[in-house]
Amino acid sequence: SEEEALARIRSQMPLHEKVKKADAVIKNNGTIEETKQQLFQILKEWNAL
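So that you can map any letter, position 14 of the sequence shown is 105 in the working numbering, and since no number is skipped, the others follow by simple counting.
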């Protein structure tokens, strides 16, 4: 139900808290190419490429 969905959303950790706990954050509000570039940059920093 809509009420159950809203309860699940409210129970989630706030985005700013998730960002603080993350090793890396990829912002996917741009183009696919921009998202790929962010991923490749993170992988290079982690010596994963």
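The hints are simulated quantities; they were obtained by calculation from the structure and are not laboratory data. Glycine residues also receive a C-beta, built at the ideal position from the N, C-alpha and C atoms. Don't take each hint at face value.
In silico DSS-like cross-links for lysine-lysine, where the CA-CA straight-line distance does not exceed 25 Å [stated by the list, open to error]: (1) Lys111 with Lys135; (2) Lys111 with Lys127; (3) Lys127 with Lys109; (4) Lys135 with Lys112; (5) Lys112 with Lys127; (6) Lys135 with Lys109; (7) Lys118 with Lys135.
Quick list of simulated restraints, FRET-style, between CB atoms [said to hold, decoys possible]: (8) His107 with Ala139: 37 to 43 Å; (9) Leu140 with Glu95: 21 to 27 Å; (10) Lys109 with Phe131: 20 to 26 Å; (11) Ala113 with Leu140: 36 to 42 Å; (12) Ala96 with Lys127: 28 to 34 Å; (13) Lys135 with Glu94: 41 to 47 Å; (14) Ala139 with Met104: 24 to 30 Å; (15) Met104 with Glu136: 23 to 29 Å.
Each hint tested on the structure:
For the hint pairing Lys111 with Lys135, the CA-to-CA distance comes to about 21 Å; that is within 25 Å, so the pair holds. With a CA separation close to 22 Å, the supplied pair Lys111 and Lys127 stays within the 25 Å bound. For the hint pairing Lys127 with Lys109, the CA-to-CA distance comes to about 21 Å; that is within 25 Å, so the pair holds. For a cut-off of 25 Å, the pair hint linking Lys135 to Lys112 stands: about 20 Å separates their Cα positions.
For the suggested pair Lys112 and Lys127, the alpha carbons sit about 22 Å apart, so the restraint of at most 25 Å is met. Of the supplied pair hints, the one linking Lys135 and Lys109 holds, its CA atoms being roughly 22 Å apart against a limit of 25 Å. Proposed proximity of Lys118 and Lys135 is supported: the alpha carbons are some 17 Å apart, at most 25 Å. About 26 Å separates the C-beta atoms of His107 and Ala139, a value inconsistent with the hinted range of 37 to 43 Å.
A C-beta distance of roughly 42 Å is found between Leu140 and Glu95, which places it outside the suggested range of 21 to 27 Å. Distance hint check: the CB atoms of Lys109 and Phe131 are about 22 Å apart, consistent with the given range 20 to 26 Å. One distance hint, 36 to 42 Å for the beta-carbon pair Ala113 and Leu140, is violated here, with the actual separation near 20 Å. Checking the proposed 28 to 34 Å range against Ala96 and Lys127 shows it holds: the Cβ atoms sit about 31 Å from each other.
Our hint of 41 to 47 Å for Lys135 and Glu94 holds, since their Cβ atoms are close to 45 Å apart. For Ala139 and Met104, the hinted distance range of 24 to 30 Å is satisfied, since their beta carbons lie about 26 Å from each other. Between Met104 and Glu136 the C-beta distance comes to about 25 Å, which sits within the given range of 23 to 29 Å.
Hints 8, 9 and 11, counting from the list given before, are not met by this structure.
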